[in-house]
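Asker: Spelled out from the first residue to the last, the chains are:
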Amino acid sequence: MIEIYAPDGRVRTERDDLAQPVLQLAGKRLGILDNTKPNAGVLLHRMAEHLRERGGSDLAVVETKNAALAAPDQVIGRLTKEVELVLTGSAD
Amino acid sequence: MTSGGAEMLTVDDDPVAVMDAYAARGWGDGLPLVPPTAGRVDAMLDALGDVDPDEVIAALPPRDGEATRRMIAVNAVLAGCAPAQLPVLVSAVRAIARDETNLRGVNATTHPVAPLLIVHGDIAATAGFNCGLGAFGPGNRANATTGRALRLILLHIAGAHPGPGDASTQGSPAKYGFCVAENVDASPWGGFAASVGVEADSAVTVHFGEGPHNFHDMESQDPERILAKCASAMTTTGQNNACISQGEYFVALCPEHAMVCSDHGWSRADVSGFLWEHARMPVDELRDAFDLLAWADWMRDLPDGAMAPMTESAANIRVFVAGGAGKHSCVMPSWGMTRSVTVAVEP
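Line by line, the protein sequences are chains A and B. For the first sequence, the working numbering begins at 1 and goes up steadily by one. For the second sequence, the working numbering begins at 93 and goes up steadily by one.
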């Protein structure tokens, strides 16, 4: 028998703070962050419509970003200021 | 049991048992592995001199794994590296972690992007890298295993495993290992690293791009006729750079093609400038080919009928010399949303 290293090592322990979950949709302002991948906009807008019908949230802001890059600070800033919930994350 | 905070496994003293133990945990690249025993890893680390083996060089996305010198050495052993190669690998990790490479995007994309390592300067010779005939492989341990070790670091430490950590639709043979040394002795323009502002005895460049697109010219004795073929290889709509104007192209000229350029008084910048002027496509064709164009504003404003360059600046066409006798060169388009990085080799 031999002893060998595992190859992956530790994971960085410092974590970014996550937003608190939204427990009630009624009256909440909703944002869309469209990464401009094909059909992302279609999917996200349909989800927003469902949430409006079922939960009473209103779509207030639609922003776009390049799919390969993080959203610019000004986009994150606007969403942070103007909505309580953001839909995003669709891929090809 | 741990060594330097790392997990240790106990397995049968047999290479196949090591492969099996790793595969059962989702590790490895599918090829045989050298067992990373503490003795082998310590011998690898000795090549770095008096430095902290457990200092975090970088946290690599998407897993945010901490790439310490020790864990880099573990993966170097696995790949079959010799200790003299480790400084190149540590420096390459510093390079891939820089913001401009966009490593998170590189690992998230469906594109078959792979990290090309270009080794410059003294360490290319002292660590046994091949810059001459067959420089892109196969047949040389340093080239093959350094490129492979960087991939293992991406798989293990960064978590870039196909599926959850690497979304590449088809993958690429370049993802197994993609490393070459610059043939500075055959370069009429001196070393590449100095041309991008890195003055060091040894340096390494990381370029996240596509595999080599070959171009050949056996006949010409003028730069224009040779480089027109490179321009032809650069002007396709299938590459990511076709719709992303910040993309880079790395052009590896063989010594004979480089010499023809130099004999006509062309500098490295002249080669880049010629390619920027001649690697162009009708803007209407590009607009027809893509719904979305991540282009600089001045390119968006090009009138119908204009010829659009394949990148927004001649400086994005990076030229270096590699290879041996013969008249084949190659060009490697980038993934697009990434920038190459050149750093001095440091332990």
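Think of the hints as simulated: they come from the structure by calculation, not from any bench. C-beta atoms are modelled at their ideal positions from N, C-alpha and C, and glycine is treated no differently. Careful, some of the hints might be misleading.
[Stated by the list, open to error] Sample of chain B residues facing chain A (criterion: CB under 8 Å; computed from the structure):
| # | residue |
| --- | --- |
| 1 | Glu99 |
| 2 | Ala116 |
| 3 | Gly122 |
| 4 | Pro124 |
| 5 | Glu147 |
| 6 | Pro154 |
| 7 | Leu170 |
| 8 | Ala174 |
| 9 | His308 |
| 10 | Leu385 |
| 11 | Ala386 |
| 12 | Trp390 |
Asker: Does each hint hold? Answer for all of them.
Answerer: Here's how the hints hold up against the structure:
1. Glu99: holds (4 Å)
2. Ala116: violated (12 Å)
3. Gly122: Violated, because the Cβ-Cβ distance from glycine 122 of chain B to chain A comes to roughly 14 Å (cut-off 8 Å).
4. Pro124: violated (14 Å)
5. Glu147: violated (12 Å)
6. Pro154: violated (11 Å)
7. Leu170: Leucine 170 of chain B check passes; min Cβ-Cβ to chain A is 6 Å, inside 8 Å.
8. Ala174: Nearest chain A Cβ about 18 Å off; hint violated.
9. His308: This hint is violated: histidine 308 of chain B lies away from chain A, its Cβ roughly 33 Å from the closest one there, beyond 8 Å.
10. Leu385: This interface hint is violated because 11 Å lies over the 8 Å limit.
11. Ala386: Holds. Min distance 6 Å.
12. Trp390: violated (18 Å)
The earlier numbered hints that this structure contradicts are 2, 3, 4, 5, 6, 8, 9, 10 and 12.
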